[in-house]
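So the chains spell out like this:
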Amino acid sequence: MLQLTDVTKTYPTPQGALHVLDGVDLHLGAGESLALMGESGSGKSTLLHLAAGLDLPDRGDIHLDGERLSTLGEPRRAALRRQQLGLVFQQFHLVPSLSVADNLSLQARLAEREDNHWTQHLLARLGLAGLNDRYPEQLSGGQQQRLAIGRALAAKPRLLLADEPTGNLDETAADEVLDLLASLVDESGCALLMVTHSARVAAPMDRCLRLQHGRLAEPGE
Amino acid sequence: MTPARMAVLRTSLATLLSHYRRHPGQLAMLIVGLWVASALWSGVQAINASARDSYARAEALFSSDLDSITRRDGRPLSLDDYLTLRRAGLRVSPLVEGEWTSAAGDTLTLIGIDPLTLPDDAPLGRTESSAGSLRDWLLPPHRVRVAPDTAAQLNDATRLPPLEIDPALPPGTLVTDIGVAQRLLGFEGQLTRLVIAAERSAELPAGFVRTSAAVIASPGQLTESFHLNLTAMGLLALVVGLFIVHAALGLALEQRLGLLRTLRALGVPARTLIAALALELLVIGLVGAALGIASGVLLAQALLPDVAASLAELYDSNVGTTLALPWHYWLGGLVITLGGLFSAGASMLWRAARLNVLALGQAQAWRGRLRRQLGIQGWLGGVLLLVAALLWWRLSGRAGQQELALSFAMVAALLLGTALWLPPLLAGALRLAARRLRNRPLAQWAVADLQLQLPRLQLPMMALLLALATNLGVGSMVGGFRLTFLDWLDQRLLADLYVRPPAEQFDAVRDWLIERPEVATLLPARSSDATLIGSDSRNAGGTDTATPVKLFGIAPEPILRRHWPLLDTHAGREAAWRALAGGEAFINEQLARRHSLAPGDTLRLRTAQGTRRLSIAAIYPDYGNPSGEITLPVTRLASEFSAPPGSLGVVLAKDRASRDALMARLREGLAARFGLAGPTLIDQRSLKRSATEVFERTFAITQALNALTLGVAGLALLTTLLAQAETRRAQLAPLWALGVTRARLVGVQLAQLLAAATGTALLAVPLGLALSYALVAVINVAAFGWRLPLHVFPGQIAVTLMLALMVAALAALLPAWRLWRVPPRQLLQEFAAS
Ligand SMILES: Nc1ncnc2c1ncn2[C@@H]1O[C@H](COP(=O)(O)OP(=O)(O)O)[C@@H](O)[C@H]1O
Ligand SMILES: [Mg+2]
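So the protein lines, in turn, are chains L and C. If you read the first sequence in this note's numbering, its first letter stands for residue 1, the second for the next number, and so on. If you read the second sequence in this note's numbering, its first letter stands for residue 222, the second for the next number, and so on.
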């Protein structure tokens, strides 16, 4: 599903080049789930952005669904993202001018893969049924993040990339959202790559890796 | 485009547009901006297009290479004259022309022709080519040719021959057989003039004068500058309107940056996003253009009768009072509106194209960007002002069509350059103020916050600056012109009564008037035509091309010598009058500027009596006169140039009785003795009144457009404030939470806006004065050949400052009221969210 080979990423800074990723190798199979841990500033988000084709690595290859990202043009990468990926961010990035229902179905509509049954099911499972006509600012933080997760899953992606999806929520709300996320991912059978700080959240996942000094390692090493 | 791409485009467009559902104010601002810009622009263009259509028709009819022949003694031509000339071998054709009043009370020009003798290619004689229609034309009940727009207002079937529609005729003109015209006009046995093909040069028998087609031709250049003036006003309105559009688009983009990034992250390609934004612009543009062009046509419909009336009075141009809009008018309106929209939206598209997807939700480094932008504006403004200064230096005091276009470019550079300087200047003033307000925290916050608002406020403030400056500039110009013009009228119209006796009575009336006790001084005047064929000028210039000029004869009586205005003399006023008596001439300012002539230079003239050399003794102002003029003593004009009798100006002996009593006695006498009444006697007062009326009407449109522009600037400010009200509340909520009352917050808001408006007005005053100077000393000279003195009216400056404050206060009222009414609960939410 997702394959990173010897991926390197450097950011130019006034203090000189910052080597964020320095030869990262990663393989994620279909339906597999992976927790990505690491200190703040270790490059987790960078890795996720590269995996999503939002940015390109300086060196190394990234294959998504068998396609080599660096050889694809921007429109092709966008199409891949639209069709195959679901993205969930720490800040929810909902569209303030769209209603809950329209926000939820946005990516599905972009991908022309709208499935009413699935959408209704998601709304019910996410506890958003009956809030269809509300706007994002009329939802609580937990509800907003659940909506963002719903948006990512509505188009039935094959891989869900989640970057600290509960970083903005308090602990109870976070647990609730993560349990939902896990069970919905199970239901839909998509692969999951999630950045998290919580060992408790990482525990039930198939694998767990730690990003340190620009490289991936088993946790505890 | 594949169906998949279409779906992405459709969904992206719908998502982008959903923004306006939640912020209808921004959409309204966009549409209103476009609407206003396009309405004023297309209104002005509709007027221009209709007037051009009328000119083109008139020109086709008259400037058609027909010279005209009249009697030297000024009497009407008779059939005998026609026969004399025909017998002399001249292929002249008779023509009758007069004013005819329709049943509806409209005054129309009625022209009678003789199609058989008219030169073949003359458009005047163009009847339907079939022989049958020529027969219809020549035999009763005859035919009358008329333009469709004029036909619509004619319903005198009983008095006129059957109508024949001819779209090529100018409005308000009827053409028919000469016999019919003579009967309708009551000119039996008379001819107005005889026409002859211009290329036929022939010796005229004594007693006849030939006027060349060039002199008769329509006053194209003058009307052209009138329209250029209108176009400039329309362009100003367009620019001010586009400022609103630019501000609205900037706002809509800024608030949707997050949305754009999210869409990109969800898999919308950059190109599709740009296409969606461009499509959004196109949709909005089409709506705005449709509204704008429709209202523009309505506006033009409302203004056209006034424009037509002032063009008729100013330049003798007959302009139809119904709109005639060619297809390219509609297309032009659409192209200008869409072009304006896309030029205003270009920066939005550019920013959207360079969007950094990874900066998702990251706050903008606005401070650095603003400083850079202000720097660029400062530079650009400086360059434009430099260009303006260079053009000014090159242009000063030159007349001509190309100079006129350059003068407008100069004014545009001046206005735009200063407008670009406004934001950097305001920012600088705010930085200074912030430093001085350390120990007044709320005031310091207000200043810092105003700096933060500057990126959004700068465009409406620039629009306000332009509107204020043009109001002041045009207001000063018109006010100064009014003073100068009225003064000049007083100096030129010395006589209380002007008598125009028929030529055969002229001498008798003059002799009778001289004897009357009511008359203090008699001022006879005559005029004639000549051709200026060259000059010996001490300036490098001088002319070789032949130009028609008017010769004007005055009586240099003491009262006239005292009052007659002179701009420039060779050796003082007294010497100039002595020189005039001694055979030199005065010329008007128009002629002097067009040919770079000065006192001391000499002119070479061709007249019916041969060529003459004249020395220039002085130059006099001659406002509103389209043509160059040479003034000589009236006796000389009569004897040397055989000018036909003109008018007799009567200065009443007002020490003897009241003006009204003297006037009444004189009128009685003239009526009893010579049967003179009505239009042959013109009271100075009515002459002044009608001159002033023409003046006011000419500038009514300019001032109306000006006021509208100020309204548009106010609208720009209001819409900006409304559109950013929500963001503002989020910025104000923390202050409220810190214990500043809502009333205080409203006060601070108002104070901020008034401060910005004051700064703008302070810059508008010098800009307005510079503009006024440019109008009177550069544009007016380029367009009309005469210069006006600059008048500064402190009252108008005060009004400008007041207007700025009023516009700002009015625009701030609604947002302030809404802030005042916002419930604390909502402020609390806003605070929690921020
Ligand atoms: N566009 C950028 N330019 C320069 N430095 C960046 C940029 N984006 C991220 N960084 C730096 O790269 C490092 C890794 O960032 P990030 O991937 O966001 O870490 P994490 O998500 O693990 O907290 C940080 O030190 C961050 O400051
Ligand atoms: Mg991160």
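Read the hints as simulated data drawn from the structure, not as lab findings. Possibly wrong hints are sitting among the right ones.
[Said to hold, decoys possible] Partner residues are not named here, just some residues of chain L that face chain C (Cβ under 8 Å, in silico):
1. Asp6
2. Thr10
3. Pro14
4. Leu72
5. Glu74
6. Arg81
7. Ser97
8. Asn116
The beta-carbon is built from N, C-alpha and C at its ideal position, and this holds for glycine as well.
Results for each hint:
no.	hint	in the structure
1	Asp6	violated, 22 Å
2	Thr10	violated, 15 Å
3	Pro14	violated, 14 Å
4	Leu72	violated, 11 Å
5	Glu74	holds, 6 Å
6	Arg81	holds, 4 Å
7	Ser97	holds, 4 Å
8	Asn116	violated, 16 Å
The structure does not agree with the numbered hints 1, 2, 3, 4 and 8 stated previously, though it agrees with the rest.
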